[in-house]
Amino acid sequence: MPADAPGAHNQSGYAVDMEAMHQLHCLNLLRKGQYFNHEYYSSAENLHNRPSWAFRDPERNIRGHINHCIDALRERIMCAADDEVLPYWWRDGEGMTISDFAVTRQCKNFEAVRSFAEKHQLPDWGMEYKLETPPDAHVVSDIL
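Quick note on numbering: this note's numbering labels position 88 of the sequence shown as 69, and the sequence is numbered without any gaps.
Derived from the structure by calculation, the hints contain no laboratory data. Just so it is clear, CB atoms sit at the ideal spot from N, CA and C, and this is done for glycine as well. It cannot be assumed that every hint is accurate.
[Unchecked claim] Below, simulated SDA-like cross-link-like pairs (lysine to any residue); rule was C-alpha separation at most 20 Å, straight line:
id, residue 1, residue 2
1, Lys13, Pro68
2, Lys89, Asp(-2)
3, Lys89, Ile58
4, Lys13, Ile47
5, Lys100, Asp38
6, Lys13, His49
7, Lys100, Lys13
8, Lys13, Val(-3)
9, Lys89, His6
10, Lys13, Lys89
11, Lys13, Ala1
[Unchecked claim] Computed spacing ranges between beta-carbons, pair by pair:
id, residue 1, residue 2, range
12, Arg57, Phe97, 16 to 22 Å
13, Leu67, Glu99, 29 to 35 Å
14, Asp117, Arg12, 24 to 30 Å
15, Met2, Arg37, 17 to 23 Å
Full structure from sequences and hints, please.
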């Protein structure tokens, strides 16, 4: 089948991920990996009789994946360094303050980012998908 034929699984080019999608993936992995969620997501009785894909790997890989996500989110928070202020309210008669998390923020259009990512994603993404490595690609042999 030609590489450009509908349903073809071999294409050349560069695979990328949008940072926002990766960050949400990491946040979701951390949510699933919390001690009170881990048993549910790693159990084969849930999620259509198979554990969540992130928890099918050996424990060493799961720990590495979670550590990667923590570090990726830490790095992004530090690099973006949101300089908006978080105001505090005084608690009546207590001499203490409490954070006002209800501040209105100007956000980017996340739906536009999600829509762009979905429109440009690889079809049938999974282990069966094979990309041809471009001749000038940076190739690594072992990530974990």
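Status of the hints after comparison with the structure:
| no. | hint | in the structure |
| --- | --- | --- |
| 1 | Lys13 to Pro68 | violated, 31 Å |
| 2 | Lys89 to Asp(-2) | holds, 18 Å |
| 3 | Lys89 to Ile58 | holds, 16 Å |
| 4 | Lys13 to Ile47 | holds, 10 Å |
| 5 | Lys100 to Asp38 | violated, 29 Å |
| 6 | Lys13 to His49 | holds, 15 Å |
| 7 | Lys100 to Lys13 | violated, 27 Å |
| 8 | Lys13 to Val(-3) | violated, 24 Å |
| 9 | Lys89 to His6 | holds, 19 Å |
| 10 | Lys13 to Lys89 | violated, 26 Å |
| 11 | Lys13 to Ala1 | holds, 18 Å |
| 12 | Arg57 to Phe97: 16 to 22 Å | holds, 19 Å |
| 13 | Leu67 to Glu99: 29 to 35 Å | holds, 32 Å |
| 14 | Asp117 to Arg12: 24 to 30 Å | violated, 38 Å |
| 15 | Met2 to Arg37: 17 to 23 Å | holds, 21 Å |
Of the numbered hints given earlier, the model fails hints 1, 5, 7, 8, 10 and 14; all others are met.
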